[in-house]
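*Asks:* What follows is each chain in one-letter form.
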Amino acid sequence: MLAHKTQANDAARRRRYLKETFTAYLYLLPATAVLVIFHFAPVFYAFYVSLLDWNYISPNPAFVGIANYAALLQDSDFVTSLLNTVYYVVGTVPTSMAAALLVAILLNQKIRGLAWYRTVYFLPVITAANAVAIIWFWIYHPDYSGLLNGFLDKLGLPIQSWLLDPKWAMPCIILMSIWKGLGYNVVIFLAGLQNISTEYYEAAQIDGARGWSIFRHITWPLLSPTTFFVLIISVIGSFQVFSQVYVMTRGGPLKSTLVVVYYLYKIGFEDFKMGYASAMAYALFVIIFVLTLLQRKYIGSRVHYQ
Amino acid sequence: MRAFGMARQGSQLKRAIVGIVTMSILAMLFAGIAPVSAGSKVTITFWHGMGSALGKTVDELVAEFQKQNPDIIVKAEYQGNYSALNQKIMAALAAKKPPTMAQAYGNWVAEYVKSGAVKPVEDFFAGPGGLSKDEIEDFWPQLRVGCTFDGKMYTLPFNKSVAIYIYNLTALKEAGLKPPKTWEDLLAASKATTVVKDGKVTRYGIVLRPNVDYFANMLFTNGGRYIDESGKKAVFNGPEGVEALQFMVDMLHKYKVAYYIPGYADADFGAGKTCGYFATSASYSYTDKAVGGKFEWGIGPIPYKRGPAAPVAGTDLVMFASASPEEQQAAWKFMKWLTNATQTAHWAIETGYIPVRRSALHLQAMKDWMAANPRNAASLDALQYAVTDPNIAEWQDIREIISQAVEEAFLLKATPKEALDKAAAKTNALLAK
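Residue numbers (the numbering used here), protein chains in the order written: chain A, 1 to 306; chain B, 1 to 433.
In case anyone wonders, no lab produced these hints; they're calculated from the structure. Just so you know, not all the hints are guaranteed correct.
Below, simulated DSBU-like cross-link-like pairs (lysine-lysine); rule was C-alpha separation at most 30 Å, straight line [stated by the list, open to error]:
hint : chain 1 : residue 1 : chain 2 : residue 2
1    : A       : Lys266    : B       : Lys422
2    : B       : Lys433    : B       : Lys114
3    : B       : Lys197    : A       : Lys154
4    : B       : Lys41     : B       : Lys56
5    : A       : Lys266    : B       : Lys97
6    : A       : Lys266    : B       : Lys417
To list a few chain B residues with every Cβ distance to chain A over 10 Å, as calculated [as the list claims (entries may be wrong)]:
hint : residue
7    : Gly80
8    : Trp183
9    : Glu240
Glycine is no exception: its CB is placed at the ideal position from the N, C-alpha and C atoms.
Generate the whole structure from the sequences, applying the supplied hints.
*Replies:* What follows is the structure, given as structure tokens:
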């Protein structure tokens, strides 16, 4: 009798479990379908394309195996683009993070017009990259009529041709990118700062800690999960720099701003060498993936979670 | 009661579904039948890259054609600039839904032809609705070469512009000079119109652009060529090419009468920062707008050293193989009409592109217009010296290779000879494939 009842209960529970699971999958279906169709399928398809010599419209693409990957290693333009990208990442990420942290700490104070300042810092982030690049294009104008050169000239300093000069073009793009991306990191740091319980600060103050030592021993360690997150997404994002280069320099002058994603775009969508472009995309994916794993291993272990 | 209501709703739903399905089937049947039934219209799509004023002229031409051919509907669709146009055509071909016809550069068409996507216009030449031998030869021979792949004519020339020199006539008059005809004149005029104040140049004689087109202007007017007859060997690094590039480098660095910018130069010209630049005949309206009547300006052929030459740029009309026979016939009719003497003359008058047929120059409308606009007529004089780019699929790559060499020389990273030799070696490697 009892055993019979338990069995019936089990069956009912099982039915309910199955029904709930089914419902859950049903709810997941739309998002999953979108991800599979528009993200995962293209990712796998791109890998298949990376094994072809294909112009995108030819009905019979040639299967070339790993030849595209082998060609990447021989392609001096790809190597140049990789080095330029590293230059860009090293130029933007640390500076941008330090500046964002500083601004976030300032914006975390109780000052007048706080909302206004927060808005101002976030404005460049929501402005379209193309519009920003065009404005900065004028700032960097190569003769006396440029804003930046106008200042230099007033100060009696020699003017530069900025984006036309292979030596200056990349620093110009880096500076603009830091300015544009700053607000985003500020908002994340600000959220991180406000997440730190005030009790820690009160306790530290009672113990006599002030200024720098509060930052060093309370804020910095407790903010480290946020800092780590910002680092990871900044590195990933910076490796994929594109719009600034596309609008401002097209990889020039003399390939000094040729970065991987712009080169990939040029090969894939201007020269229509889809196989080679896909191979390049996979190479970039592997590089970013490995870098992210390394960051997790060496920096992630030093993060303090509250 | 409730159950009953649901059942009723259910049956209503079922009826609605049956209704929708029936209607859809009927609609599909009608859609399938429609083109076959008598007196029906054929719709063709025409993708182009003609913005603003040029696009308006395209729309006017389309409206005129439809008036004359009520059984054909032409959907002319602006796709953005040329590189966007090519990207969209490629994507549409990949999706097997290309337009019926489009504007395309010769090197793009080479790529489409390789993939079997093009219906050659030569297939329509025979028969009553076709083109006679005389009519075919009425197209400028240099333009026909650009439309021919493996000995077969695949496309028809459409919007072709010729390279020109635009100058500030007011400034030249002030300097007591006539518009330059030769390189020597050009250098003299550029020196005379360059203004230096407190060690700063406030106005330059000419502005250059570090690209293959500016180089081509100097190369061809110096008797040079890009590639030899075999089509396998670069010759732009010969003495003509080296001298051409050296001349530009000297204007920049030795005489300091020129500067260079990567983008379009009409704004700088309009602002009076430069007294001259090279452009194409189709940029007339942009220059006019930039100058805005602030000074007198003129256009002439590119100044020459060995002999006059007029590099031609612009696209041809291509028809895609996937269109139905009816659509192809309609598209052929439209293409033929668009490039006949009357329309090409009209097109030239409205836009500054050149008439693609020689007989257009003898039309009264064209003669009247040339008499009234001597400035524009100058570019037509250059037509007899027209030279075109090679229409090979590798051309885009080669253009970039040469542009890179020009930039290296401008930046003094290499001598003109070194830069061009390196570019020639890369070009030869591409052509050998």
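*Asks:* Indicate, hint by hint, whether the structure satisfies it.
*Replies:* Each hint, compared with the structure:
1. Restraint check: the Cα-Cα separation between Lys266 of chain A and Lys422 of chain B comes to about 22 Å, which is no more than 30 Å; the hinted pair holds.
2. A C-alpha spacing of about 15 Å is found between Lys433 of chain B and Lys114 of chain B, which places the hinted pair at or below 30 Å, so the restraint holds.
3. A distance of roughly 16 Å separates the Cα atoms of Lys197 of chain B and Lys154 of chain A; the hinted pair therefore holds under the 30 Å criterion.
4. For a cut-off of 30 Å, the pair hint linking Lys41 of chain B to Lys56 of chain B stands: about 24 Å separates their Cα positions.
5. Among the hinted pairs, Lys266 of chain A with Lys97 of chain B is consistent with the structure: their alpha-carbon atoms are about 24 Å apart, no more than 30 Å.
6. Distance hint between Lys266 of chain A and Lys417 of chain B is fulfilled; the C-alpha atoms sit about 28 Å from each other, no more than 30 Å.
7. A cut-off of 10 Å between C-beta atoms confirms that Gly80 of chain B is not in contact with chain A; the least separation is 13 Å.
8. Listed as outside the interface, Trp183 of chain B is consistent with that label: its C-beta sits roughly 25 Å from the nearest C-beta of chain A, beyond the 10 Å cut-off.
9. No beta-carbon of chain A comes within 10 Å of the beta-carbon of Glu240 of chain B; the shortest separation is about 24 Å.
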